[in-house]
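Knowing the structure of chain U, use the given hints to seat chains C and V on it.
Protein chains in written order, with the numbering used here: chain U, 1 to 191; chain C, 1 to 325; chain V, 1 to 731.
None of these hints come from the bench; they were simulated from the model.
For lysine-lysine, the following DSSO-like pairs were computed, each having C-alpha atoms within a straight-line distance of at most 27 angstroms:
no., chain 1, residue 1, chain 2, residue 2
1, U, Lys189, U, Lys91
2, V, Lys281, C, Lys304
3, V, Lys281, V, Lys721
4, V, Lys149, V, Lys281
5, C, Lys304, V, Lys721
6, V, Lys149, V, Lys387
7, V, Lys387, V, Lys142
8, V, Lys721, V, Lys140
9, U, Lys91, C, Lys83
Quantities reported herein were computed from a predicted structural model and do not represent experimental measurements.
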Amino acid sequence: MTAPITRRDLIGTSAAAAALPMPSLADAPAPAAPAAPAVAALTINGQVHRVAIDQRTSLLDALREHIGLTGTKKGCDHGSCGACTVHVDNKRVLACLVLAHRVEGRAVTTIEGLAQGDTLHPMQAAFLAHDGYQCGYCTPGQIMSAVSLVEEGHTQSEAEIAEWMSGNLCRCGAYTNIRAAIQDAARAKRA
Amino acid sequence: MQEFSRLVPTTTQAAARAGAVPQASFIAGGTDLMQLWKNNVQAASLVVDLDRLDLRRISLDGPTLRIGALATMAEVAEHPDVKRRVPAASEALLAAASPQIRNMGTAGGNLLQRTRCGYFRDPGFACNKREPGSGCPAIAGENRELAILGGSGSCIATQPSDFPVPLVAADARVELHGADGQTRTVELEQLYRLPGDTPHIETVLRPGEVITAILVPDAPANRRATYVKVRDRQSYAYALASVAAGIELQGGVVRDVRLAAGGVGTRPWRLDASEATLRGQRLSPALIEQAAARATDGAQPHAKNAFKVTLLRNTVRRALQAVTA
Amino acid sequence: MYIGQGIVRQDGRLKVTGGARYAAEFDVPGCLHAVLVQSTIPAGAITGYDTAQAERMPGVVAIITHQNAGALNQHKAAQQTVTHPFLQDGRIVYNGQHVAVAVADTFERAEAAASAVRVRYAPSEAVTVMDESALSRAYKPKQFQNGEKSPDVSRGDEDAAFAGAPVRVEATYETPVEHHNPMEPHATIAMWRGDTVAVWTSTQGISGVQETLASAFGLPKESVTVVCPYVGGGFGCKGNTWPPATIAALAARHVGRPVKLVVTRPQMFTSNGYRPKTIQKIRLGAGRDGRLLSIRHDGFSQMSDPMLGEFSEPVGVVTQMAYSCRNVAVTHRVVPVNQGLPTYMRAPGESSGMFALESAMDEMAHALRMDPLAFRLANYAERDEQKDKPFASKGLRECYSRAADRFGWRQRNPTPGSMRDGRILVGWGMATSTYPTNRRPCHARIVVRSDGTVLVQSGVQDLGTGTYTIMAQCAADRLGVDIARVSAQLGDSRFPQGPVSGGSATAASVLPAIEAAADALLARLAALAALDPHFAQVPPADIRLDGFDLTAPGRRVPVLQVMARAGLHTVDAEGSSAPGDAYKAHSCHSFGAQFAEIRIDPDFGTIRVSRIVSCFEVGRLLNARTGRSQLLGGIVFGIGMALQEETLVDRATGRIVNSNIADYHVPVNADVPDIEVMTVDAPDLATGALGAKGAGELPMVGVAPAIANAVFHATGRRVRKLPIRVEDVLA
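Bound-form chain U, shown alone:
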């Protein structure tokens, strides 16, 4: 004996489940009447952006293609490179693996939200001083990750920093400079 699903059990549906066609994957046709894009209210850097996007749209594509915040980078789109690292509710996550609609009501911080006006965040300043980048494409992700790493307290040693920064690839190979920048910023924060 199972209870029927009531409307109260379900929130935030983009289409009525019962109306959905359920094709088998083998023939892989698209749904005959696919769900229309739905408006998501996303809180980014303290500002609410309302965008009409598909349910499948990643937070990364929402930021870059729908909202115009291109500081967050697409390197692999598969969670392997860390270039799209942002903060959701103050934790570092990969925007390419987040469905944008799922972060409605949460606080998203991107690289554009780090500086206070013209004053760089200390981590940004440290990357500048230590040349913690070359091409700059992984840099926003590195900095967002590094800011979290300091918050998490994983700065006890250079080896610990290296381990906890290993989710952010840098093909230019700026790793030693990145570690130096983080050590500096962490020291400044402790002081």
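Chains C and V alone, transformed into the frame defined by chain U:
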């Protein structure tokens, strides 16, 4: 990636009912699912979002450690009860993925991470797991990362997760909530099916069944345990071989021992023969050596992964040395 | 002097705030999204497409195939010629070849449509992998090093010398297919206005893109505008104009709207070249005194179907000049297989070739019971014996001694397996690095504006190497103005033309052009000043720029005042430069000595690099901060080459199995130890350009062989293929 509708149920029962619909998929952390969708390896018409379910708590229930299925990998890894009761699980999680992914991935989801086999993850290849009956080019192909234990003529894909390895060693069970409203528990090791002729059916989960918790019994051998992982990179890489080892010694005699391996099997691989070699015996380097040798009983190496036979034995030896040191 | 100082990057602030805009990030109104469809067979012909389903999907604007794409002209590129733009016929010559492109209003919809396109094929036989059995297909490259050099070079009589040599070493070495994997994927936004097209594209060579697109669409060069202010890494794979850029422009023309095409990460493995697999056969003959008597280096490199173009990894070019030896023979052959067209990848030929040569040198030193460094010093080349020219400068001897001292090389126990740290095997290895100093024609412009700022412009690119910053440093120095006034602009085809950023040539090419432009600007300002009453009777030649004032004995007038009096808002001048006679009279190379310490866990076979000490002679280091970063970065790239990087190809289908950067490993932060780099200050004043030599590729050249040699030292096992992995050293 196919477009879908998304439901956000607030009760496990509603989630299970919705998840039983054909072409429905649960999403928790989404770290693997998003990749599979983007690669068009999987598609869903209906996504059942588990975000609002109250399944995130980690708690002690007498002798049982209960890990809510939606606790993140990071939360589980850092939890004091996890570190005390099953430290190898914490170590395994911290050796897995990256800090960002550990903030997203969930305990339950990580158990269900699908294989990293490159043939499976690219629809441009044939793959019995993805398209039943299409063939397995990996067996005669690029099989370096694939399994030496538990494979079949249809599939030798490795279960890639670290977390279930120490859990299988610890005799963990998973608690499941079915679409019919019934709950049941299953031994974690038995959650996974061997590929046989049906590699596309990976678990014993029924349509709509939700993993609600991981239950870890208390045991001295679970508390005195470690996880050793060998990988190509120093960090952020899947295991070539890994071993979770737990032991209880009494006066130099092995009273209890739990061993499981990752990166080498089509599921997290309990090393029964090695355990049997050790149990009740007086611990010695020679005994450890014998136990290590039995780890590869039944191994079927392939052209490019034969090194895993030696590697697994060495990893068992090192894990035992570490946990008995 | 600003040159030499560690000036902070001009583009740094934009990069740390997310403000630097890369190709895919320009906001072009009405822009559609395009996603490529790629073949799933290695050889054959397309017999048809099923596009109806994709075309019906929401938001889809067009599915473009070779049947409706329209004809393009043959590519004619500034660099390596990529002769087939795709979507022109139904031939399939590799798995992952572009066969269609889907255009839709959002990326998500274009991707879904692309994956719904079905292609029907008539497959044919394919050879997908270059191995020993495929070497029978080898042929002599027709366009070796863009046709500038001969693939076969020799001096003396190698055969006879080897036959008579008392000590001989002969071995075969292999390097794998590697992919550049810059963090930024290739991306192009194309927008047509009538018969002109503008593209924002990620490239190492905007002029090449301009030429290629002009050629493909039958336009005058001026009708193509190319913009690329930032490149998210290139490492060679953005040196050519690859088909996706052309396809983006084609798609935009087809649908009559701007189109953005971003190559996905998996597609990056079949869209823009790769370092080809090489098989290298080396034999060395030496006397018991440690003098090399003969060197032979036969290189085979994997190639595509010749229809796509040609590239040969020039593994033996460096062999011709690396050491003093009378009898040397070098050959290069290419082996066509059903794979895409290979291309330059960081230190093409030098890194792969020196892995083989420097491993063989280590083998010979061992056979001679000589210290590897002493063996190299015994065969030190004082001049380029193949070109028979003096080196413009060569500070390698000092590099050897400084790096060896710093590393502690004297404490090395030569017996393999003798240096342990508990159960860990420790290995010490070394290798020589060298890379040619390349220089190409370049143009630049300097503009003084009435707001007191100075712009320095050239159509070059900054791949993260620091080009912006050294351009400003150079202009500020030559003009004698505060660098705070100067900003550099690049990456735009509307600026004076610059060369491709490849071969570590950008600095050496653009700085002399800037100097020429600065001199021309000073002359123009002086001429202007001579018309000013303050400088009445003063010949222009006596008027100087000092600070931001024009001066002559007893007179001083601000530049802006002179400009204002003449009614000018801007004054500008252009300059050009090209390699001169001095460059041609010398053999121009940078050099380095690299020492590596590795630690192997014998139970696991895991190899960790624990220390790298390198000393380089790169002429004058133009910017201490960015130059050091380049040197460090090259070493990290070398660590990847030595221990991690390999593209795996399924032999049956020719399809790449690890076409993603989770499974194609590149070094992560934890793989990289403390790296010490030192530089020998040896300005190469013969070739111009402030005495600078390139620094981008040199630092990776010796890393893989130094690590391989360290592996031998740690284990006694000689691993002759890259990457060196767990299974190669597992006890």
